[in-house]
Each structure stands twice: as structure tokens, then as C-alpha cells.
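**Student:** Sequence:
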Amino acid sequence: MRMPDPDRGIMARRGELAARLRRIVGAQWVLDDEAERRPYRCDGITAYQATPLLVVLPASTAEIQAVLALCREQGVKVVPRGSGTSLSGGALPLEDGVLLVTSRLCAIVAMDVENRVARVQCGVPNIRISEAARPFGLCYMPDPSSQMISTIGGNVAENSGGVHCLKYGMTSNHVVGLEAVLMSGEVIRLGGAFQGAADGELDLIGLLTGSEGLLAVVTEITVRLVPLPEAARVMSMGFASVEDACRCVGAIIGAGIIPAGLEFMDRKVLNAVASLLREEHDPRTAALLLCELDGTAAEIDALIDRVRGLADQAGAIDIRTSRTEEERERIWRSRKLAFSAIGKMCKDYYCTDGTIPRNRLPDILDRMAELSRTYGLDYANCFHAGDGNLHPIIMYDAARPGDLDKAEAFGADVLRACVDMGGVLSGEHGVGVEKRDLMTHQFAPADLRQQQVLKCAFDPGELLNPGKVFPTPCRCAEFGRMHVRGGEMRFPDIPRF
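Quick note on UniProt numbering: the sequence shown kicks off at 1 and runs consecutively.
For the record, the hints were derived by calculation from the structure and aren't laboratory data.
Mixed in with the good hints there might be a few duds.
[Said to hold, decoys possible] List of simulated lysine-lysine pairs, DSSO-like, C-alpha gap at most 30 angstroms:
no.	residue 1	residue 2
1	Lys347	Lys336
2	Lys268	Lys344
3	Lys336	Lys167
4	Lys268	Lys347
5	Lys336	Lys268
6	Lys455	Lys344
7	Lys344	Lys406
8	Lys406	Lys336
Take these sequences, add in the hints, and give me the full structure.
**Tutor:** Structure representation (C-alpha cells):
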């Protein structure tokens, strides 16, 4: 994975830029010492690292405006960052760029219970929105695994999902208004403070949600709140084979049942989690499904009976159902601890997130087993089975020469297979740098060119998070130029206006 070559001229001006930025945000909020910048070298994907030119921590939209305007004037690149939990390298810094950290914009501005919306700054952790809404019987449904620390601004940038996105939708389904700052320093406001505020507008909210920090820095978000379910129960279903578990996933969705969450964990994940929780599963279990059902108590009871029947038909060997909220939380704890538990089993791991049609789950899992043998690397699986959003965990040792290259190649082949099976490169982690060079496997040149036209409309100087998403530079300066050769334009006989 290569990034654009750093501009040595910009790097030589670090001191001058730091002084000017300090006049905007305050002396203590510009980090220029190498020891202070080093903790920001990577985001959640630690395989890729670079020390930023400067780290800047503004406290308001006005300060972000001034920082971006200065950087544009000076030709300095800017990489936005929330809490750094991105798993695609979306917040990977640049050696000649300013890392713009939004964690100080952390206020819940307004909680509008009547309209069921909350207006929050971009640095608010995801979980805090639901905590603030809970006393009113409301919650914010998108719940990525990193929700304790990932910021809502980062969730918008990546269009994050989570366990409950199967029934309730992704971040994009819950954003009704945005405030964002363009690279020019201009502030734009989209949508409004109530559901439906953006109806009739050009869907720029949809465009910015999932744009990975390439178009603007989102500073404030108005999100949709939903009533807390009256009740929720989770079923833990063990299967003797991965194929049986996959067949059960298809049967549940095919029966018209949309669970609040439907998660898959293989035996390796179960063993890793068991070492932390001291909980054992049936030794015959090769795969486990967690199926959460919510609604009224009567509705849940009826759905549990239906899902139990489908699981039995698919060959379930062990079915447990929570009876209390404490039991529900205990069952879910294994899923929430999965990635940290795997971290105790290996030196390093690499996790990607291709997405496929549900009916191809057995095929992609067979392909992963083949690739594991090809590359000589072990792997584990823990993913959102209900919507086919895979999270293969490829284990390697970064200290062993060649291991990282093999892990990257393993992950790339999984993603190519996802596209070949009718899926996409990413379900929720984003493209960033991790999947950037695979974009041509999913998109035709004309598709990528059109996406780059949009990038250039928002950021003609290509200063905002460059080197991400697109496998080639946008070359914004070339758009709109008229080709002249030998002193003549193409088709000189056509009238020009």
C-alpha cells in the first residue's frame, strides 16, 4: 500500500504552520513535538502508519473553518479524525498533512423529544446519544462494535452499521440534518431539526454520509431517535457445521422474520471468548448464531417459537433463550468481546468487511478455507450474518517477514471473491486505503471517474484526505478543460456556445 509522496517543502514549514494554527485554536491544541504526534500515527488498522505533520484539535465549527481556510491558502493537506477507530485506514495521517482531530466537539446540543431527534456535535461518542435519550424512552439504533468510543462524526463518515442495522438500518437511515465545513472554510447546512426536513432537497446528506472525509468535515449532526423496544430477547443457537448455521440464516430471513440482530461466530471465536468469560459451549458446536428479537412480549414469544422451529429444521444441536435482561446481556457479551479475545490468540490480526448475498455464505466461507491453506495463515469468523456483512479475522505476525504481505493478499482475495459472488467491497468499514486499490474490481473506469468529479466539485484542490478511496489521483485541474491539438479543437465544425 503506497501513499502520495510527501511534499518536503510543506514539511520544512512545520514551525511556521504550527504558529499560525496556534493563533486559531490556542497554543496547547497544536501538537508539533514528535512524541506528541506519534500516538496519532494510525487508526484502528495498525498495519499502516505515518506520523502527521501536525495534530490540531479545534473546539468549534468556527475554528475548523479557520483551520481549513488557512490550510487551503497554504496548500496543506488535511485528514479529519474522530477517535481513530476506523478499520480501513480512513484516518491514516499524512507526513505532509495536518491531522484535524474533532474530539473536543463533544456536546449534545439539543434533545428534541417531541420530534424524536437529537442535535449533536461530531465528537460525541455513539453510545452517549442513547444514554442521553434513554430517560425519554428513546434510543439511537446504529451500534457499531466500537460504539463506546467511536464518534458520531466518524460513524457518518463511514456510514457505520452494527448489530441492529439489519432491522433498523445504517447511519444513513438515521441522519436528518448535517452541518459541514468545506475545504474553502465555507459552512453548509443540510436538512434540518426534524424528520423529513431534507425532503425535496438534492440528497447531499446521502452524499456526505459515507464519503470518508473526502468532501467536507462534518461538524454537527441531527439524528433520528426511535422508541426503545418494549422488550428484547436473544437466542443462542449452536450448530455442528458452518453449513447448517448458514442454512438457518437463510431460513429465518426467508420466513419473513427480520431479527433486531443476527450474528455468526465460529468455533475459533467461541474458544477465544470462553477463555475470557470462562463459559463453555457444547464441544460439538462448530458455529453459533445469536438472534435477537424485539417488540412486544407477545410478539417476541411467537417469533421465538418460529425461529426455534427453523433452527431445529436446520440441525441446531443447542438452543438457549434469554429470560431476563441480565441473561440477554450475558449472551451478547461473547459477541462484543470477540475481537479483543482473538487478540489474545495471535500476535496481530487483520479484519476486513466485504458483503455478499446471504445465499452465498457457504460459498464464501469455503473460499476462505481455501485461501487459508494457500497463504498458510489461520483465520476466524465473526460477522453480521443477517445482511451478509463479513468480518474475517486473518491472524499473522507482523514481526515475521512476509506475513503482513500474505495477510493483505489473503484479505484482498476474500474481497475480490465477495464482488465476484454479487457482493461489494465494504459493508460498513469503508474503503480508506485498505480497499483503495481494489476499487477497480467493483467499479468500471467511468464509475470511478464520476465519483472523482464529485470529489473535485467539493474539493478542487484535492487537499481533503487525499490518497484514500480512489486508486488514482483525481486530477481535478483537468476537469472542464478543452482539448486542443495542432491549433484546432476536436470537431471544429461544430458550433460552440
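**Student:** Taking the numbered hints from earlier one at a time, note which ones the structure violates and give those numbers from smallest to largest.
**Tutor:** Violated hint: only 6; rest satisfied.
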